[in-house]
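**Q** Residue-level listing of the chains:
Number of protein chains: 2
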Amino acid sequence: MANTVVAAGELERLAREALARNGVPEVVAADVARILVLGDLFGIHTHGVQRVPEYLSRVRAAGIDPTAEIVVRRLAPGVTSTEGGNGLGPAVGMRTLRSTMECARETGVGVGFARGSNHFGAVMPYSFLAAEEGFASIICSNATTTMAPWGGREARVGNSPFAIGAPCPGGEPIILDVALSVVARAKIRAAANKGEQIPDSWATDGAGLPTTDPHAALEGFLQPIGGHKGYGLAVMVDMLAGVLSGASFLTNVSSWSTHPGAAQGLGHFFVLIDTRRLGDSEWLAARVTEFAEILRSTPPADPAQPVRVPGEAELALYRSRLDEGVSLDVADVEALRGLAAPR
Amino acid sequence: MANTVVAAGELERLAREALARNGVPEVVAADVARILVLGDLFGIHTHGVQRVPEYLSRVRAAGIDPTAEIVVRRLAPGVTSTEGGNGLGPAVGMRTLRSTMECARETGVGVGFARGSNHFGAVMPYSFLAAEEGFASIICSNATTTMAPWGGREARVGNSPFAIGAPCPGGEPIILDVALSVVARAKIRAAANKGEQIPDSWATDGAGLPTTDPHAALEGFLQPIGGHKGYGLAVMVDMLAGVLSGASFLTNVSSWSTHPGAAQGLGHFFVLIDTRRLGDSEWLAARVTEFAEILRSTPPADPAQPVRVPGEAELALYRSRLDEGVSLDVADVEALRGLAAPR
Numbered sequence: 621m622a623n624t625v626v627a628a629g630e631l632e633r634l635a636r637e638a639l640a641r642n643g644v645p646e647v648v649a650a651d652v653a654r655i656l657v658l659g660d661l662f663g664i665h666t667h668g669v670q671r672v673p674e675y676l677s678r679v680r681a682a683g684i685d686p687t688a689e690i691v692v693r694r695l696a697p698g699v700t701s702t703e704g705g706n707g708l709g710p711a712v713g714m715r716t717l718r719s720t721m722e723c724a725r726e727t728g729v730g731v732g733f734a735r736g737s738n739h740f741g742a743v744m745p746y747s748f749l750a751a752e753e754g755f756a757s758i759i760c761s762n763a764t765t766t767m768a769p770w771g772g773r774e775a776r777v778g779n780s781p782f783a784i785g786a787p788c789p790g791g792e793p794i795i796l797d798v799a800l801s802v803v804a805r806a807k808i809r810a811a812a813n814k815g816e817q818i819p820d821s822w823a824t825d826g827a828g829l830p831t832t833d834p835h836a837a838l839e840g841f842l843q844p845i846g847g848h849k850g851y852g853l854a855v856m857v858d859m860l861a862g863v864l865s866g867a868s869f870l871t872n873v874s875s876w877s878t879h880p881g882a883a884q885g886l887g888h889f890f891v892l893i894d895t896r897r898l899g900d901s902e903w904l905a906a907r908v909t910e911f912a913e914i915l916r917s918t919p920p921a922d923p924a925q926p927v928r929v930p931g932e933a934e935l936a937l938y939r940s941r942l943d944e945g946v947s948l949d950v951a952d953v954e955a956l957r958g959l960a961a962p963r
Numbered sequence: 621m622a623n624t625v626v627a628a629g630e631l632e633r634l635a636r637e638a639l640a641r642n643g644v645p646e647v648v649a650a651d652v653a654r655i656l657v658l659g660d661l662f663g664i665h666t667h668g669v670q671r672v673p674e675y676l677s678r679v680r681a682a683g684i685d686p687t688a689e690i691v692v693r694r695l696a697p698g699v700t701s702t703e704g705g706n707g708l709g710p711a712v713g714m715r716t717l718r719s720t721m722e723c724a725r726e727t728g729v730g731v732g733f734a735r736g737s738n739h740f741g742a743v744m745p746y747s748f749l750a751a752e753e754g755f756a757s758i759i760c761s762n763a764t765t766t767m768a769p770w771g772g773r774e775a776r777v778g779n780s781p782f783a784i785g786a787p788c789p790g791g792e793p794i795i796l797d798v799a800l801s802v803v804a805r806a807k808i809r810a811a812a813n814k815g816e817q818i819p820d821s822w823a824t825d826g827a828g829l830p831t832t833d834p835h836a837a838l839e840g841f842l843q844p845i846g847g848h849k850g851y852g853l854a855v856m857v858d859m860l861a862g863v864l865s866g867a868s869f870l871t872n873v874s875s876w877s878t879h880p881g882a883a884q885g886l887g888h889f890f891v892l893i894d895t896r897r898l899g900d901s902e903w904l905a906a907r908v909t910e911f912a913e914i915l916r917s918t919p920p921a922d923p924a925q926p927v928r929v930p931g932e933a934e935l936a937l938y939r940s941r942l943d944e945g946v947s948l949d950v951a952d953v954e955a956l957r958g959l960a961a962p963r
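These protein sequence lines are chains A and B, in that order. The numbering of the first sequence is this note's numbering, which starts it at 621 and goes up by one. The numbering of the second sequence is this note's numbering, which starts it at 621 and goes up by one.
Next comes chain A alone, as it looks inside the complex (with noise of 0.2 angstroms):
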């Protein structure tokens, strides 16, 4: 597929035209666009403005309510919790961002739970935004159940996204953004276009088996990394992001695939550290600057790929993409023309 080149701001202004042309009030409109631009950024396109047509499919299938009242409660002076009354995702995601900055500003550590909420984007660009002002974070949500339990034969735990990131005062936040499993399903796919093999580390048939055939595969699941501890961290992303939030989860969230029409009932859950508590910003760019470099500095496997810190890749191409534009499918890029153009 052709690509085209179109500049950041103007990428999120017709996000944002896009949405509130469709029934996104302006203020939702904004929030979900900043997140998914920035997913762009950062070049994860899964999560970045080729889901506005998806997010508006399911408004128009009353799935989600782009209009619905987002109340944050202050549950304890350093716990807020936010119903997100079944709205967009990402204006559910930043508004408990916001919302747990102030009480982080207050107690030194804010936690935020969110539940009643959708798809809320890729987990990265909320912990640049809290590195942006300082804040070290833990950030993750609940998912639609794509993987098998460890030892188990039926999808009952999601491919829940986790992130930990930490600012460096005048430099590049470290920020690590991963989901659980070895591989996304994408990459099966591929292997069974191309007619190979895959590792018997990627997934399991139907049946709960290790598999080196991709379309077994794609009849099984997903599999965790590091097996048990894999698992064991998708399960306790859910708890904290579903079962403590008081959102939906494991099998109760609802698939918004299979029922586009019904609320999912995801959850969220945010740490935030206010870093100017335990240091100066010189003492913490040191700091962080003298880590990245360890690391970095470490002797190579291969002399052409040195070793990177988490993130290290993303940041680089959301810093390139800001001055040169972010580089898009044509066809996605036309779809967002549509939506926002005048009728």
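Honestly, the hints are just simulated from the structure, not real lab data. Glycine included, C-beta positions come from ideal geometry on N, C-alpha and C. Keep in mind that a hint or two might mislead.
What the hints assert, rightly or not - Now the stretches of chain A that chain B is said to cover, found in silico as 3 or more residues with beta-carbon under 8 angstroms:
| no. | region |
| --- | --- |
| 1 | 636 to 642 |
| 2 | 768 to 779 |
| 3 | 827 to 841 |
| 4 | 888 to 897 |
Unchecked claim - Far from chain B, by Cβ distances over 10 angstroms, these chain A residues were calculated:
| no. | residue |
| --- | --- |
| 5 | A627 |
| 6 | E674 |
| 7 | A696 |
| 8 | T727 |
| 9 | V729 |
| 10 | I794 |
| 11 | A812 |
| 12 | T824 |
| 13 | M856 |
| 14 | G866 |
| 15 | T871 |
| 16 | S875 |
| 17 | L942 |
| 18 | R957 |
| 19 | G958 |
| 20 | A960 |
Using the hints, position chain B against chain A.
**A** Relative to chain A, chain B alone:
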């Protein structure tokens, strides 16, 4: 090796006396014994009372100061920082756990950083004690560097332990406690002894390349779970427990096997959330119980191996060992009795 069974209370008394008779103040000895015996009760013997002689040998080498004053400062209403003064790790850990619980009782969430510490035992005991008091927890520690960064060929990252836990009022908590390597080094040593090959996902050789030869693996590095994902998780644990805490981090952590007389400068990180702020105990118990039931009732791939929830095996062992005593290597118990005997 022959095993012997010791009652849990007797084991704790023995560990406490072994420490107290060898220069460790009573209050410190009590905390250390508590954490190590919990390790044994959970079946994590590598982090159980067999560590007592090891800890004491470091005390004799002046590598640990058992009489160190452990000082907790409150940096913000929800944030504490513990200066361990190179004291015994479990004493620093327990002090940080208690002060973080105090914060979390007041503000709903507390974060505790510790520095100037040493090996603090397994993480599960802290998560368990937190859960007993109604706190959900995220707890981790950095460690001596034993893993190569992803794509590197020099040990610059610790195989840091990481735990997430949540209480279930009236029932068993759910606690995940994992290190971030695919397997422990002991498993590779066992394969070498049996003359067996190992999966190429377990370790790299000294050049940083995946290997199926256990001997080459023992000269190389453990692989993190999920490749770059586990590497990233291990790195971010050190960011939280090492960099933000003011502790040593990465290769700045001194190795106690090569420099037993040097302070390690380890750091720990605790986030505790007071679940009583989120809902009443019936609400939480019902949700956590349903969560566990959904996972346990998953059809298993192997009918003889039902699906479990994180921590289930360790907590079952804990209950049975509280009743029936702890089965331990005779030599370990004899060593402890020797250290505990009056002179």
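**Q** Indicate, hint by hint, whether the structure satisfies it.
**A** Consistency of the hints with the structure:
1. 636 to 642: violated (count 0)
2. 768 to 779: holds (count 9)
3. 827 to 841: With 3 residues close enough to chain B, the hint holds.
4. 888 to 897: holds (count 5)
5. A627: Fine: 31 angstroms to the nearest Cβ keeps A627 of chain A off the interface.
6. E674: Holds: least Cβ distance 26 angstroms, greater than 10 angstroms.
7. A696: The assertion about A696 of chain A is violated, with a minimum of 3 angstroms to chain B.
8. T727: Non-interface label on T727 of chain A violated, nearest chain B Cβ at 4 angstroms vs cutoff 10 angstroms.
9. V729: The claim is violated: V729 of chain A sits with its nearest Cβ about 4 angstroms from chain B, within 10 angstroms.
10. I794: 6 angstroms, violated
11. A812: 22 angstroms, holds
12. T824: 7 angstroms, violated
13. M856: 4 angstroms, violated
14. G866: 7 angstroms, violated
15. T871: Incorrect as stated: the minimum Cβ-Cβ distance to chain B is 6 angstroms, not above 10 angstroms.
16. S875: About 15 angstroms separates S875 of chain A from the closest Cβ of chain B, which puts it past 10 angstroms; holds.
17. L942: Given that every Cβ of chain B is farther than 10 angstroms from that of L942 of chain A, nearest at about 24 angstroms, it holds.
18. R957: For R957 of chain A, whose nearest Cβ neighbour in chain B is about 36 angstroms away, the distance exceeds 10 angstroms, so it holds.
19. G958: Holds, because the least Cβ-Cβ distance between G958 of chain A and chain B comes to about 37 angstroms, which exceeds 10 angstroms.
20. A960: Holds, since 36 angstroms exceeds 10 angstroms.
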